[in-house]
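Participant: Below, each chain spelled out in residue letters.
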Amino acid sequence: MHSKSDNSRAQGPDLCPSKKGTLDLASLRAEIDKASGPEYWRSLEELAGDPAFQEALHREFPKGASEWVDSVSRRGFLKVMGASMALAGMTGCVKLPNEPIVPYVRQPEEVIPGRPMFYATAVTLGGYASPILVESHLGRPTNIQGNLQHPASMGGADIFTQASLLTMYDPDRSQSVTELGDQRSWQSFVSAIRGPLAAQKALKGAGIRILTTTVTSPTLADQLRNLLKIYPEAKWHVYEPVNRDNVLEGAKLAFGQPVETRYDFSKADVIVSLDADFLYAGFPGNTRYIRDFAKRRDPDGKMNRLYVIESGMSSTGAKADYRLGVRADQIENLALVLAGAVHRFSGNPTVPNADEERFLSALSNELPSSLVIAGDNLRPAVHATVHRINEAIGNVGKTVFYTDPVDANPVSQTESIKELVSDIHAGKVDLLIILGGNPAYDAPADLDFANVLKNGKVPMRVHLGLYQNETAELCQWHVNQTHELESWGDARAYDGAVSIIQPLIAPLYNGKSALELLALLTEQADASGHDLVRVYWQTQHTGGDFEAFWRKSLHDGWVEGTSYAPRSFPVKSSNFPPSSVIGDSNSIELNFRRDPTIYDGQFSNNGWLQELPKPMNKLTWDNAILIGPKMAERLEIEPKHVVELELNGKKVKGPVWIQAGHPDNSVTVTLGYGRTRAGRVGTGWGFNAYALRTTSAPWIASGVKINKTGEYYELASVQGMQSMETPNGDTRPLVRAGTLEEYRQNPNFAPEMDENPAPGLTLYKPYDYKDEAYAWGMAIDLNKCVGCNACMIACQSENNIAVVGQEQTRLGRHMHWIRVDAYYQGDRENPKAFFQPVPCMQCENAPCEVVCPVAATNHSSEGLNDMIYNRCVGTRYCSNNCPYKVRRFNFFLFQDWTTEQYKMMRNPDVSVRSRGVMEKCTYCIQRINEHKIDAEVASVREGKTIKIKDGELQTACQQACPADAITFGDINDPNSAVAKLKRKSLNYSLLCELNTRPRTTYLAEVRNPNPELEI
Amino acid sequence: MDETRKMTIDAEHAPVIEPGHTFATVTDKISSIVLTRPTSNGWFAGFGIAFLATMMMLYAIGYLFLRGIGIWGVTIPIGWGFAIVNFVWWIGIGHAGTLISAILLLLRQSWRNSINRFAEAMTLFAVACAGIFPAIHVGRPWLAYWLFPYPNTMRVWPQFRSPLMWDVFAVSTYATISAIFWFIGLIPDLATLRDRAIHPAARIIYGILAMGWRGSARHWHRYETAYLLLAGLATPLVLSVHTVVSFDFAIGIVPGWHTTIFPPYFVAGAIYSGFAMVLMLAIPIRKIYGLEDFITERHLQNSAKVMLATGLIVAYGYGIEAFMGWYSGDRYDAFTIWNRLHGPYAIPYYALLLCNIGIPQLLWIRKFRTSPVALFFVSFVVLIGMWLERFIIVVVSLHRDFLTSSWGMYYPTRWDWMTYLGTIGMFLMLMFLFLRILPAISIFEMRTLLPEAEVKE
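From first to last, the protein sequence lines are chains A and B.
Numbering (my numbering) for the first sequence: 1 to 1015.
Numbering (my numbering) for the second sequence: 1016 to 1472.
This is chain A alone, in the form it adopts within the complex (with noise of 0.2 Å):
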């Protein structure tokens, strides 16, 4: 404890005095005993005036006295050990930026005490930007939304954008430069690089290897090919191991070019997916994707059709209108067939099966004014064929387009990390650095990247990364990066548009960017972050101010007229080569997938994505062995037995998890998990699906072997059964869907599916909210939601939702206010799956009100059933109560009530709730009470009653929603959104035979399946 507060001390000039670190009662005595007689006296007094003592005396127990019964959970070990007693009393003294940013439109352009104010600016991942606002209290990023005028975001954000927030905060980031392990200062590094970098002058830069993740930053790029002339001989080596390696070499086939292709699916009447999870977080454009994908599956206006054949079981599946599900060497065999059904281009095609062959003429007959994607995963052949097949049909310029590529360096990365390995092994590296990433453990794992650090001959390695992880610990050097939140940048969207990155925060740790310690290799030793990227857009502005260039960039989020325009690339009209292995069907063939919330394992230290459920198995914590389940009954596998993958005689163990819709014969793997040295949080969850991955198989491998180990480990599921029909064959109206026929035919088939109570059946007096000024009401549209979760994490950093960790999860404690259910029908071979996202229904004859005993949850004028947490005692007879089962019950002290980070982080608007408390969705009262607010005072100011505009109002699922399923606001007005949507024929309540009338209400699914394949 005390090592760490001295180490505060050390940080330098820019920590406020508070920041002194924390005293126990231990040391406080060791200080007063060292001293004696007046000098007693007088280390007391300068003790008392010690804001370290003040803080010991105000928290009136020693420190670790609140902490020490937690001993023996994780999380319990999360908070003693909090990193965060460097930053004690940070809280009080938020640094600003040194350099002006610019906020959004939203407030003026002051700072008014209490309001939030919004920046735009911009995260990556995979190196594509999102585009985002992030809200700041008096200097403290407190919530990040999408941003709503880009056209990549349209204000949609989805978990990885959102989540980053978190990492920001995470006290388990990176908090110094270290020297094997030992704290340094960064001027200490830039004496120990200078050696090295003069040296290597003289060799022309022979000996430098700078591996970077996939860069689209312009200005960073400029700065890797400055120095490439500077050091003419260096190399630039990129890898990332979720790439899109494949998309590019496809297109290099089928244009001989790196190529983007980007989609338009709002004009795409009918979508093939080969294995392209694009509704799902993590594919470039994805939240454009899914607002656009969206828009036309209104069963009333010209409805889109979606076929997707999947080698797993994705979202983007669960959406489909029709859906194969086949192993990925066969979705190859079928774009071959596919192409030859275009008649355009015939490969040399296996004969598919009745089923493939029926799906495929049912297909081909829609195939005008339609789109056809492939997935990262498959081969690059299938996305030459694919590029063919747009450009028969006529899709390109249409639904597809063609643009020059985002990446900034489209390099095999696969190629480029094989590469810098053999440089190593020959001896020709001398300073590798190694800009962000994690290839210790993530690199393929038949280069052996780690041992080829630890042993390999590379006599100066550097490591700039946002954690000390598995990389940085077989480096000698490292450098604590800054986070995109809090350091200058730009960076690309799925569009090729700029964002200029402003910081929202002077870093929490004096860390640098990848641009600053870059600028230490191209001799701009000093310039920081904000100097780089300004000079780098001055050389690129040409004519007019470019002060309101600047300020209207960074005001806006994006750099205008920097998107790229589309272009015609013709493909080339050469055979391509033959797939290059058909699998051999009786073999098992393993699929790696980035996972669903922590992406390539650059995100599992964090905990909201950590604890967020899979999208189709609603799992946290861990991944699992995915197998379908007729392989399940063939292998005698049951859920969460352990079994051992061994491909090439490499073995990974972890637990079988039986997902419905999954192809037989092939398992499923998710990557980033197994970790061994990714914080407190993330730090051993799972198994390390890395360790089978090699560079010649890295999505599809075939020809794994499944060996029993007999032991059992307990996933931690958060749904009880992901099926509407229960045990004793009775299928309860959950979800509502039908057929677009069917809605046709009889538009009230879904509110006729269950019994609808005549409002007044009550035993007490029902409440007329007609002449409320306000009736809060949402609506759910069952169509629209893809299943993305991006509801789950808004929800999560706007009510300040706690984390559990995986043994309360897997208790059924976790904590979340909006959780979206997903359920399969019919066969577990081929299911029909759907989403349901559940927050409270607010209902209006709420269960839970009358049952309280202290009066804790009770009903509002304008119908919120609100609850008071200082009144609730925690007798959870509301939540036995409530047939949704949406409340959610502090049954420890989940809250970290003592990092200072998390402090910072919190939404200042919201309760934290303590121990022994029911808590649960308010729809996000403290956004209706801001604007009610609002309201007031213009209304006192003009003199007339006004009322809270229509959309103005949204909570923060709504908000986050890129597929605009969520719609709120008040129902007494008839021509509100929310009103109009309930007024609809597919209007349904959940549970509505019970008679709790929520306010929450569902616009039940309407699928839009081709007749033909109907039978």
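Mixed in with the good hints there might be a few duds.
Simulated restraints, written as ranges between beta carbons of each label pair [said to hold, decoys possible]:
no.: 1; chain 1: B; residue 1: R1381; chain 2: A; residue 2: K765; range: 57 to 63 Å
no.: 2; chain 1: B; residue 1: S1125; chain 2: A; residue 2: G729; range: 54 to 60 Å
no.: 3; chain 1: A; residue 1: G729; chain 2: B; residue 2: Y1342; range: 15 to 21 Å
no.: 4; chain 1: B; residue 1: G1334; chain 2: A; residue 2: G760; range: 31 to 37 Å
Because the hints were derived from the structure by calculation, they are not lab data.
Computed from a predicted model, the values in this text were never measured in an experiment.
Yeah, the Cβ is synthetic: ideal placement off N, Cα and C, and Gly gets one too.
Chain B: place on chain A using the hints.
Facilitator: Quick look at chain B alone, frame taken from chain A:
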């Protein structure tokens, strides 16, 4: 002697007191247990074990207060677990005491005189055990007093529509009346002990507790009036307390809870388990302390018959529940019944049927009704069965309710078990103390059963 026989042996019944006793022998026999009989090693051993179990409970509760309710197996959707199961179980057990002392008194069932004292004590202790659970099962136990309608600066009342609120009234009233009733019934005996005690401290303590009882006719007159009035007050409580407890469930909308059969079926179940507990205590006590003369075969038989009758009412309740699950046509109720029979908790349900309906049918046979060993066994089984019944109602109803997505499982933790077994320990510890320091059988009421007590014209 002939007259004695006539008095005590009604046709076909065993005597409620064995022949040959006089006022003096009755008084001697009962008061000697407290005053002169040396405390046996067995008592110390039994008390010691019960005391340790109580300490274990305190430890478990202490840890609970320190860490939170999460140390138990409760979760979402099973918000109530062992705590509520045990609460209902103990409250149910408590019912026998009041039934025996109040209702049987009013019905002039004089055979009750030899078992009412310790049945009442048992009630009191059972209610004490029960009372622990609602207080500690809340998330913030330090605020549990908010359930009481006390004048406060927050100007907030409890919420009177909540059955938990009704519970507070029902249980606290019940505890109060039981305690007063028990204490008043003790006064004449406390005076006897005061008069007979040799140790000065005992004399002083019993003297204070006897409240100046001298046994004058006026005292007796007032005593009888007060006792009858209290019996009148306590009688409706026998019915109301468990009715209100059953409302905790019946008012809820959870399938398996929301049913109108609950009040009568809960009351019957309570008496069922209460008599089982009375027998489980009476059988060893009469053996160890040689009280076979006072707690006779007749008492055992009568208790067994009450158990048989209430057990059949409970069985009827199960039948109606299952019937209504089918007859109502309600998919959720139907599934709840299916789930009890085939779900993951089917084994406890079948065990419940065996314990509460199957095995107690042995009581139709006279031989079992009169055999202390058999009765002890059946009572034990019934107590387990009634505990399982509450487990089925509380846990199994909650674990699979409306939305399949929210289904879950309940696994009690060691803290659940420690608390539960701890209350049994506390109950036994209090019983041991009671046997040692107070007359376990009402001396003066026993005396009224003797032929000497018959008023001669």
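Participant: Within 54 to 60 Å: is that where the Cβ-Cβ distance between B:S1125 and A:G729 falls?
Facilitator: holds, 58 Å
Participant: Between B:G1334 and A:G760, does the C-beta distance stay in 31 to 37 Å?
Facilitator: Roughly 35 Å apart at Cβ, these two residues keep to the hinted range, so it holds.
Participant: If I claimed the Cβ atoms of B:R1381 and A:K765 lie 57 to 63 Å apart, would that claim hold in this structure?
Facilitator: Taking Cβ atoms as reference, B:R1381 and A:K765 lie about 59 Å apart, which means the hint holds.
Participant: Has the hinted range 15 to 21 Å been met by the Cβ atoms of A:G729 and B:Y1342?
Facilitator: holds, 18 Å
Every hint, counting from the list given before, is met by this structure.
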